[in-house]
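Participant: Order-wise, the sequence lines are chains A and B. Residue numbers 506 to 861, in my numbering, belong to the letters of the first sequence in order. Residue numbers 506 to 861, in my numbering, belong to the letters of the second sequence in order.
All the given hints hold, so there is nothing to weed out.
Any copy, or any two copies together, can satisfy a pair, since identical chains are not distinguished.
Listed next, the in silico SDA-like pairs over lysine to any residue satisfying Cα-Cα at most 20 Å (straight line): (1) 675 with 800; (2) 819 with 612; (3) 819 with 591; (4) 854 with 569; (5) 854 with 840; (6) 819 with 646; (7) 576 with 604; (8) 819 with 508; (9) 819 with 613; (10) 854 with 839; (11) 675 with 801; (12) 813 with 641; (13) 819 with 592; (14) 675 with 769; (15) 576 with 602; (16) 819 with 614; (17) 813 with 794.
If you're looking for bench data, these hints aren't it; they were derived computationally from the structure. Note that the structure is a prediction, hence the values are computed from the model and not measured.
There are 2 protein chains.
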Amino acid sequence: MTILETPIAVIDAQPFQRNLERMAQFAERSGIRLRPHAKSHKCSEIARRQLALGAVGVCCQAIGEAVAMVKGGVEDVLITNMVVTPGKLAQIAELARQASIGLCFDDEEQVRRAGEVFAARGAQVDAYIEIEAGGERCGVESPEEAVTLARTIAQHPLLRFMGLQVYHGKAQHMRSIAERRDAARDAGGKALAVKVALAGAGFSCERITGAGTGSFAADALVGVLNEWQCGSYAFMDRDYGENDADDPQFEHSLFIAATVISLRDSFVVIDAGLKALAFDSGLPLVAGRPDLSYFGPNDEHGRIDVSKARTPLKIGDQVHLIPGHCDPTLALHDEIAFMRQGQIEAMWKVDGRGPR
Amino acid sequence: MTILETPIAVIDAQPFQRNLERMAQFAERSGIRLRPHAKSHKCSEIARRQLALGAVGVCCQAIGEAVAMVKGGVEDVLITNMVVTPGKLAQIAELARQASIGLCFDDEEQVRRAGEVFAARGAQVDAYIEIEAGGERCGVESPEEAVTLARTIAQHPLLRFMGLQVYHGKAQHMRSIAERRDAARDAGGKALAVKVALAGAGFSCERITGAGTGSFAADALVGVLNEWQCGSYAFMDRDYGENDADDPQFEHSLFIAATVISLRDSFVVIDAGLKALAFDSGLPLVAGRPDLSYFGPNDEHGRIDVSKARTPLKIGDQVHLIPGHCDPTLALHDEIAFMRQGQIEAMWKVDGRGPR
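Next up, chain A with everything else stripped away, as it sits in the complex:
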């Protein structure tokens, strides 16, 4: 067993590989293109493993992620976000020389800005119209808006209209299968209405992309999407683990290893707090130790309630924490220890980490 310097992000090779394979097989059986979201891992090594199992490319949210993925050999990147500043649009134009790049739009001003930069730089980019699918965030709200936007996109010869992005963020975390199916049906219905209106105006939607780890099985039943963007399935954080399990099922494979540094009567202090774990989706679990519970994070400290511990924790002991939310947790880490049966097999760079 390697003694890890903690806190450190750790992937357990075996459940991780099973997760990648299960999703790849399910997408293949469903006849859906799988384009895993790299915002979950931000790691081109993981993207290459997903591509090797049949993924058509990756999604990114931040431009830094897209830059890292293209540099790491990914040839097809969909930026599932709006981009409006000249510097980032110039970065996208540069990426479009090396790879197939897609970008989302929900406003004519975004199209004007992107069109101008891409034309000046001769960069061909795929354009997707984002539909407000229930996430209460970005997206056009009606078929009419979508038709108007498609006409604006068509005025820019270097923007190639490819279809729709329909991502229902809230549906991912609905706990019951029935709720998620209802949400997927709503989102699919909105997408179909837009597709029909666009067809009437002469625009064909080659791709309808969306879905996440919470909703893809429900989206598969609805059958409107032809591309899935799931990312978290590779790791399964605590939050996704609380959804009623659908088929296929995934296992926790991402952990934050932490060390006990101080003892008190009813708790111990460990070296993993706000700088090692994201808490936006709640507290982490202690892997394999349901008798221990994490509480009270500070910047560099966490506490483990040991009042019900079956075996005591001593100074120097290590615990493996299952993060509440994997995506922002990895935003805190520059590297991941890829471990097999307790030994580090490789250190992977989180090469797409960073806010931009």
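Chain A is fixed; fit chain B onto it per the hints.
Facilitator: Leaving out everything else, chain B in the frame of chain A:
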């Protein structure tokens, strides 16, 4: 005005400089050593500016912070934390060849582990006993425990007993001045009781170190500490801004710049969410725009309620957000734009960033 690629951490030079000077002057007038906590900024450039104004050194929590500070020229670092793994203790031994290093203890097992590594490497390190001052985290709980621990420390010739660490984390965020004074008095009383017991056992406390941006003015009145560890005063996050103001006062100087990327009816979407801001102390404020309020962060998105906006926000507009909590916010950023009157004067590396 420089067009920033966002989200990006920004320091406004003028309030930042005034904050550094006000704290330095108050510490000097109070006759207290100022040892600013580098966990707030993790940036050796900022540490050097604090030292130039009279700081005696810095505090660090993570070893990576201490490594960056020593590499950046800081000659005196107190690690205000417990360290128990061989790898980190070896790093500390290496740092102790280049700088004066202090370390905290609250358990004999920590002393045994540190003493062994430092003896093997011939590294002299200052030892502080941490007292449980009200933060419900680390620290010995009685004068008797402290005396026992001091005797253990004395058995290790390369550990030099220097005194006490008395940090009351909870006191920093008590809103009223009266509450903070009560907490400071309690913590000071505990420290004095330990100091007296140690003196009776032949141990002299040369330094009693503690305090933060919330409590230092109250600690000054109590007069037990002779070293302050305040860090957040340099930036003033939203949380500290909500304390009833004591004297001296500080100004917000750290911001996260973000760009409007999409428009909806009652809100706009900006490109700063969980990957750009920490939310453990709540939501950020929009600087200079009390008519706007941030809500609903996602990984790479935030929303700004514009229902009460005096002037509308357009796509491409930028806002400056005052983080809820500066320390974990900077844990997300590799660099800071140091700006003077809207122009970038320098880019500073957050060279101590990282979980370990």
